[in-house]
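Enquirer: What follows is the residue order along each chain.
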Amino acid sequence: MDEFITIVISRYNYWAYVILMMIGMYAMITKNNLVKKIIGMNIFQTAIILFYISVAAKKGGTIPIISHGHNGGDHAVHAMDFINPLPHVLMLTAIVVSVATLGVALALAIKIYRQYGTLEEDEINAQLRETPQ
Amino acid sequence: MKIIGFIIVLLCGSLLIYGTIDFPGFGDPDAPASTYLSPRYVENTMAETSVPNIVTAVLADYRGYDTMFETTVVFSAAIACFFLLRVFKRRENDEVRHYRHIPTGITLRIEKGGKIPEESADFQRIDSEWVPHDMIVNTTSRLIIPFIQLFALYVIAHGHHSPGGGFQGGVILGAAFILFAVSRNLRASIRRMGEKVSAILCAAGVFLYAGTGFLCYLLGGNFLDYSALTGILGVDPVTAHSHGILIVEIGVGISVMAAMIWIYYNLSSVGKHDEGL
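First to last, the sequence lines map onto chains A and B. Counting from 135, one number per residue, gives the positions in the first sequence under this note's numbering. Counting from 15, one number per residue, gives the positions in the second sequence under this note's numbering.
Be careful, since some hints might not be right.
[As the list claims (entries may be wrong)] Derived DMTMM-like pairs (lysine to aspartate or glutamate); straight-line CA-CA distance at most 25 Å:
1. A:Lys-192 / B:Glu-209
2. A:Lys-193 / B:Glu-57
3. B:Lys-16 / A:Glu-137
4. B:Lys-16 / A:Asp-215
5. B:Lys-16 / A:Asp-136
6. A:Lys-245 / B:Glu-209
7. A:Lys-245 / B:Asp-42
8. A:Lys-193 / B:Asp-36
Calculated from the structure, these hints are not laboratory results. For clarity, every value in this text was computed on a predicted model and none was experimentally measured.
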């Protein structure tokens, strides 16, 4: 039992992101409305971004900016004192790219709405079946 | 369908949770992710690039290729929105328009094919879903937008020493312009910064980034190896890295700003660039 509790305490962050990811995935699979699917996709992306950021964390580490100024560069830099900068770099670009791809997704949704007059998936499918290929 | 989806999601989630049992604990300094490559970045960044913000140095220098193509992705997304949505009007008067006569306050509705009043101070074009001028929103955004833009420039320029950089600053600059478009109307915003300008700026940012890389190449270094810029900038190789990062970040900022504005124009007016939010 004690072992289980240590596992829970040291890994609750991953579980939170798994739950967030499940919410996004559920929306992507089951929702009928395309905009709700896009929202689900964004929740999924947020879960991945949070996961990467939490991987970067170090106990006792500070943000990866080396203090500087007068005589600031004299002391040695220890990797233990700073959190891992690499996931931050990856996610920084991923956030902006996710906004841009969200724009493309919404543009496609607008295009579909113009063509079919609805954003409900089953109604679009019904219209597609009616019109012969 | 809902039940099948729920079962798939539950299966996926429980597999992932089972996988996390082997993961290092939260904030573990000895986690594999922070023991191999990242200590090298943390310990050598100051000596190699003289940039205190390690995230900026890794973004624009060590992983310069990655960031270059991320910027290209943002550019392609803006282009994709343009090609998907943009429609060009054939005639001036093929839709209903609304004008307000300012001295009398009368609103005119001009049907398709009707005669449009000439550009003058008396007539003001208004959106069909027009709400009366909201003085509070207008005045507040007029006061706030210059400071947002100044802050964005600070975020770009100070990215070496504090959290910030081209991506963040570019998005803030874009947001300032979108706030202007929301508080006035889309046409006023397009008059300030047209579609052509945003398209050219969007491409120019990517060009500035890739061009810096090629310039390094032409001067005898590797692609995006900023120490080759020593001769042009007149500084030592370490400071040349710092300056090269700034040039590249400015390119990213311009590109991201223009992409955000362009995507907003296309999405909010459904490609007509006429009446929008």
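Enquirer: All the hints need checking, so say for each whether the structure fits it.
Expert: Each hint, compared with the structure:
Proximity of Lys-192 (chain A) to Glu-209 (chain B) is assessed by CA-CA distance (about 45 Å); at most 25 Å being required, the pair is judged violated. A hinted pair counts as satisfied when its Cα atoms are at most 25 Å apart, and Lys-193 (chain A) with Glu-57 (chain B) qualifies at roughly 18 Å. Between Lys-16 (chain B) and Glu-137 (chain A) the CA atoms are separated by roughly 36 Å; this puts the pair beyond 25 Å, and the hint is violated. Using a Cα cut-off of 25 Å, the hinted pair Lys-16 (chain B) and Asp-215 (chain A) is violated, with the two alpha carbons roughly 48 Å apart.
With a CA separation close to 37 Å, the supplied pair Lys-16 (chain B) and Asp-136 (chain A) exceeds the 25 Å bound. Between Lys-245 (chain A) and Glu-209 (chain B) the CA atoms are separated by roughly 20 Å; this keeps the pair inside 25 Å, and the hint holds. For the hint pairing Lys-245 (chain A) with Asp-42 (chain B), the CA-to-CA distance comes to about 47 Å; that exceeds 25 Å, so the pair is violated. Restraint check for Lys-193 (chain A) and Asp-36 (chain B): satisfied, since their Cα atoms lie roughly 19 Å apart, inside the 25 Å limit.
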